[in-house]
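Engineer: The listed protein sequences derive, respectively, from chains A and B. With the numbering used here, the residue at position 17 of the first sequence is 17, and numbering never jumps. Whatever position you read off the second sequence (first residue = 1), add 186 for the numbering used here.
Note that these hints are calculated values from the structure, not bench results. Glycine included, every Cβ here is placed at the ideal spot set by N, Cα and C. Please note: incorrect hints may appear among the correct ones.
Rough simulated footprint, nothing fancy, chain A against chain B, three-plus residues with beta-carbon under 8 Å [said to hold, decoys possible]:
hint : stretch
1    : 197–204
2    : 256–269
3    : 284–295
As a plain string of letters, each chain reads:
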Amino acid sequence: MSTWHLINAGLLGFMVAVAIAVAALRNLFAAVMLFAIYSLSAATLFVALDAVDVAFTEAAVGAGISSILMLATLAATDGREKQHRHRRALPLVLCLALAVVLFAGLHDLAPVGDPAAPAHVHVAPRYLSETATEVGVPNVVTAVLASYRGYDTLGEAVVIFTAGLGVTALLGGHFRRRRSGKNGDV
Amino acid sequence: MSEHPIVRAGAKLLVPCILLFALYVQFHGDFGPGGGFQAGAIFGAGCILYGLVFGVDALARVVAPRLVQQVAAAGVLLFALVGVAALLGGGTYLDYDALLPDPIAGQHLGILLIELGVGATVSAVMLGLFFSFTRG
Numbered sequence: 001m002s003t004w005h006l007i008n009a010g011l012l013g014f015m016v017a018v019a020i021a022v023a024a025l026r027n028l029f030a031a032v033m034l035f036a037i038y039s040l041s042a043a044t045l046f047v048a049l050d051a052v053d054v055a056f057t058e059a060a061v062g063a064g065i066s067s068i069l070m071l072a073t074l075a076a077t078d079g080r081e082k083q084h085r086h087r088r089a090l091p092l093v094l095c096l097a098l099a100v101v102l103f104a105g106l107h108d109l110a111p112v113g114d115p116a117a118p119a120h121v122h123v124a125p126r127y128l129s130e131t132a133t134e135v136g137v138p139n140v141v142t143a144v145l146a147s148y149r150g151y152d153t154l155g156e157a158v159v160i161f162t163a164g165l166g167v168t169a170l171l172g173g174h175f176r177r178r179r180s181g182k183n184g185d186v
Numbered sequence: 187m188s189e190h191p192i193v194r195a196g197a198k199l200l201v202p203c204i205l206l207f208a209l210y211v212q213f214h215g216d217f218g219p220g221g222g223f224q225a226g227a228i229f230g231a232g233c234i235l236y237g238l239v240f241g242v243d244a245l246a247r248v249v250a251p252r253l254v255q256q257v258a259a260a261g262v263l264l265f266a267l268v269g270v271a272a273l274l275g276g277g278t279y280l281d282y283d284a285l286l287p288d289p290i291a292g293q294h295l296g297i298l299l300i301e302l303g304v305g306a307t308v309s310a311v312m313l314g315l316f317f318s319f320t321r322g
């Protein structure tokens with residue numbers, strides 16, 4: 001076992017422990033903090049896998065924005081989870097069944113870093129060899145996201161915009177307040 | 187949180203650095219890890235930290251909630267218009283080669299503009315979510 005295996009195994013084990021702690025905790029403030037730690041461990045794992053851009057996104061969105069939004073929600077609600085009295089057998093069975101399916105699917109995944117993996121023999125070699133002459137930016141990830149896969153990124157921007165629109169339409173806080181304030185003035 | 191002096195002083199020191207770092211991530215994404223999405227998230231997080239410490243109303247005086255929604259739409263519009271500009275330049279949609287006479291310069295300009303659009307949309311949507319959650 002190499003050092004990388006040990007680091008990956010340690011990080012994954014830590015993430016499993018944090019996930020179990022999140023499920024067991026009743027104090028939601030602590031659960032939010034553990035979620036942030038979970039995201040940060042995931043970001044570290046991505047760094048260990050050489051996916052620095054993904055790690056960056058995970059740290060900014062998972063550990064940063066998500067935690068802030070969950071804290072804002074906690075500030076507007078109660079900091080403790082309600083006690084549930086329903087049976088827990090069905091969720092447990094469903095989770096175990098999903099775990100079995102996922103582990104069965106693991107066998108079809110190519111090993112990490114396998115040069116013959118389908119993802120590495122399709123368009124990736126062309127992107128890697130032609131980015132310098134076709135796009136001319138040193139970061140191939142940016143070249144793929146912004147140029148080669150521009151449509152996908154446009155779609156992502158639209159998805160984010162639509163999600164923000166949906167939340168504003170559902171909660172609509174500042175617009176409602178603005179209008180009621182105006183009516184109050186009149 | 188506004189009554190804690192350490193939190194206030196820490197936030198005052200951190201917020202400018204966070205916003206500057208977001209701009210670095212935005213414009214250095216061609217050369218290192220980063221890009222519009224990460225920069226938008228970091229910029230939004232910096233503004234939200236200001237709002238958490240000094241109050242949502244203080245944040246609303248800096249970035250107006252109405253402006254946030256317009257910026258979110260303008261970012262997507264900028265991205266889509268770059269595609270239209272490429273069409274007008276004689277290329278296919280979002281083919282940045284057609285933006286400028288020199289294809290490489292066109293690629294650089296196109297990537298800069300669409301990353302700007304993505305960053306504007308992401309940071310504005312993050313701020314819009316925060317406003318919706320806290321002022322509802």
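Engineer: Each hint: holds or not?
Structural biologist: Outcome of the hint check:
1. Under a criterion of three residues with beta carbons nearer than 8 Å to beta carbons of chain A, the stated coverage of the stretch 197–204 of chain B fails, only 0 such residues being counted.
2. Look at the stretch 256–269 of chain B against chain A: 7 of its residues bring a Cβ nearer than 8 Å to a Cβ of that chain, three or more, so the hint holds.
3. Counting residues of the stretch 284–295 of chain B whose beta carbon lies closer than 8 Å to any beta carbon of chain A gives 4, which reaches the threshold of three, so the coverage claim holds.
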